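Trainee: Single-letter residue listing:
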Amino acid sequence: MILAAENLTHIYQRGTVFEKKALDGITMSVPKGAFAGVIGHTGSGKSTLIQHFNALLEPTSGKVWLDGEDLFAADKKKRKRLREKVGLVFQYPEHQLFETTVQKDIAFGPQNMGLSSDEVSRRVAEALEWVGLPKEAAQLSPFELSGGQKRRAAIAGVLAMKPEVLILDEPTAGLDPRGKNEILGQIKKMHESAGNTVILVSHGMDDVARLADIIFVMNNGRIEFSGSPAEVFREADKLAKIGLAVPQVYLLLRELIKRGADLPQNIFTAEAAAQAIKKLYEH
Amino acid sequence: MFKAEQIYFEYTQTAEEDSAPANYVALNGVDAEIQKGEFVAVVGRNGSGKSTFAKHLNALLSPTSGTLWVNGAATSKEENIWQVRKSTGMVFQNPDNQIIASVVEEDVAFGPENLGVEPGEIRRRVDGSLAAVRMADFAKAAPHILSGGQKQRVAIAGVLAMRPDCIVFDEATAMLDPLGRSEVLETVAALNGEGITIILITHFMEEVVIANRVFVMNEGVIEMDGSPREIFGQSKKLRELGLDVPHMTALAHELADLGVPVSRGVLTVGEMLFELTAALKL
Ligand SMILES: Nc1ncnc2c1ncn2[C@@H]1O[C@H](COP(=O)(O)OP(=O)(O)OP(=O)(O)O)[C@@H](O)[C@H]1O
Ligand SMILES: Nc1ncnc2c1ncn2[C@@H]1O[C@H](COP(=O)(O)OP(=O)(O)OP(=O)(O)O)[C@@H](O)[C@H]1O
Ligand SMILES: [Mg+2]
Ligand SMILES: [Mg+2]
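From first to last, the protein sequence lines stand for chains A and B.
Per this note's numbering: the first sequence = residues 55 to 337.
Per this note's numbering: the second sequence = residues 941 to 1222.
Bear in mind the hints are in silico, worked out from the structure with no lab data behind them.
Hints are not guaranteed to be accurate.
These stretches of chain B come out as covered by chain A in the derived footprint (C-beta under 8 Å, 3 or more residues) [claimed, not checked]: (1) 1062-1069; (2) 1205-1213.
What the simulated footprint calls covered on chain B by chain A, stretch by stretch (three residues with Cβ under 8 Å from a Cβ of chain A suffice, anywhere in the stretch; the number is not a length) [said to hold, decoys possible]: (3) 1025-1037; (4) 1118-1128; (5) 1181-1189.
Note that this is a predicted model, so its numbers are computed, not measured.
Just so it is clear, CB atoms sit at the ideal spot from N, CA and C, and this is done for glycine as well.
One chain only, chain A, in its complex shape (with noise of 0.2 Å):
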């Protein structure tokens, strides 16, 4: 296990009028070098769930587990040690995005880590190829950033740092389809050479489904149930009644399914369904 959290609960704005409890006694697990997938409906506690894994938020109470280490019980040097291995990517880039270019906000990750700054500047011309940004960009205020470019510097100055836990809040929201596509394509391809655990939280059903070997679905405050694609979208109505979807690919063989077509259900990309409907097809 790289991550856990054991009945963990976070309880935001405490003894006034806006108190509200956001986590609910959440207990879960991440095992190390796993892709993981977190859905739930707006507001069920995804964001600040994460935000704990970081120490960015304190538990109200419960505890989280990074590396077997309590994080919490953790005295602050190591607290800072165990904080390094976690890169987290902000649901909204403005709150991650402070330098004055953007070539200083991809660095500053690296260069707390003590690298040398060819290093650094490796990193940073790396980081801008694999999120999709010109050279010329890296010269910009982050300020002068459409939405989406915006996004794109905030995942670079994480996928900078090579983080052992990568967490992303929402990444691709705002991103145009074939940056969504590459910069997807681009952590799972570091994920596989290199190994690391990966947590996505995501509304996007399509990309959790194809990318996550395991998903939480969490609802108000708690974690209604987890497992594989295949298991956790076999409960599309328990989905439906959270806020949730099937993929599109997977509705769909689901009602071919119902009209009596013999194809697999647990498919969740367009080439592997194309795939099964031609071999029906020509049986």
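Assemble chain B with the ligands onto chain A, guided by the hints.
Mentor: Just chain B with the ligands now, with coordinates in the frame of chain A:
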């Protein structure tokens, strides 16, 4: 409703402290005409100029050169700005940034109050707008208890209370869960049904399908203009422009390439189901 004639817009980019400011041409000669009651989806790669164009439609920005007329009034003329702002409302991406009051109905009343509308009329507008987005039951609620989709619908109600002719949605569904997204899209379609002009900026090709007309922007110009079926018929060109076709259209192409007889023009799950029921003799 809108007529854009050769509009250009330049931002001044001044990032590096010591370098001279440079101009960046974000709109590079946009020509367009949009009739009242149309539903136009706007797509285009990141940085292609969609948000910049949208901000011209309600005079948040004014062209560096060229002219944009809103209901016949040029937005570059100071004396028209008030009228233009009233006629076109905007809804943005982040549901948490758009609601300011601590009670839903007060938030919706905010716009008309600023316009100096008299109290009785404000009441009617607030009730009518909340009903139109199916949020009347939440009139007295605190916004922080709402879901993202509900917050976006309150934001839409706030715009409606200004009695606009047009609403521009700049990626208004980007942060919503599947249910919230479909609620907002249903609301958008219903408003269009009542004659409100809709401009929907989105990166979701599935959403584009419900529009009557699509603009594809690229490098500051409108590169393609047509119905969703016409536009998605040109998948190669779309991919060159950083875009894609809806999932089901992609699947239709895969199937057709593999020799399964389905139309490449399929856009939705429903249409695909129809094609495959026939092809597979189900
Ligand atoms: N600073 C805060 N003060 C009070 N309540 C808060 C605060 N931040 C979040 N909340 C509330 O906590 C709950 C969980 O919020 P969170 O942002 O974790 O949800 P989420 O699942 O990430 O939603 P989304 O899909 O919209 O990003 C929501 O009801 C939210 O309104
Ligand atoms: N405030 C600004 N100052 C300087 N340049 C800007 C500013 N806002 C946008 N730009 C530049 O103008 C171009 C167009 O930006 P715009 O926001 O219109 O794009 P967009 O099509 O909405 O992109 P996205 O899909 O990422 O939202 C971009 O290249 C961007 O760098
Ligand atoms: Mg969130
Ligand atoms: Mg934009």
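Trainee: Hint by hint, note whether the structure agrees.
Mentor: Evaluated hints:
{"no.": "1", "hint": "1062-1069", "verdict": "violated (count 0)"}
{"no.": "2", "hint": "1205-1213", "verdict": "holds (count 3)"}
{"no.": "3", "hint": "1025-1037", "verdict": "holds (count 3)"}
{"no.": "4", "hint": "1118-1128", "verdict": "holds (count 4)"}
{"no.": "5", "hint": "1181-1189", "verdict": "holds (count 5)"}
When each numbered hint is compared with the structure, a violation occurs for hint 1 only.
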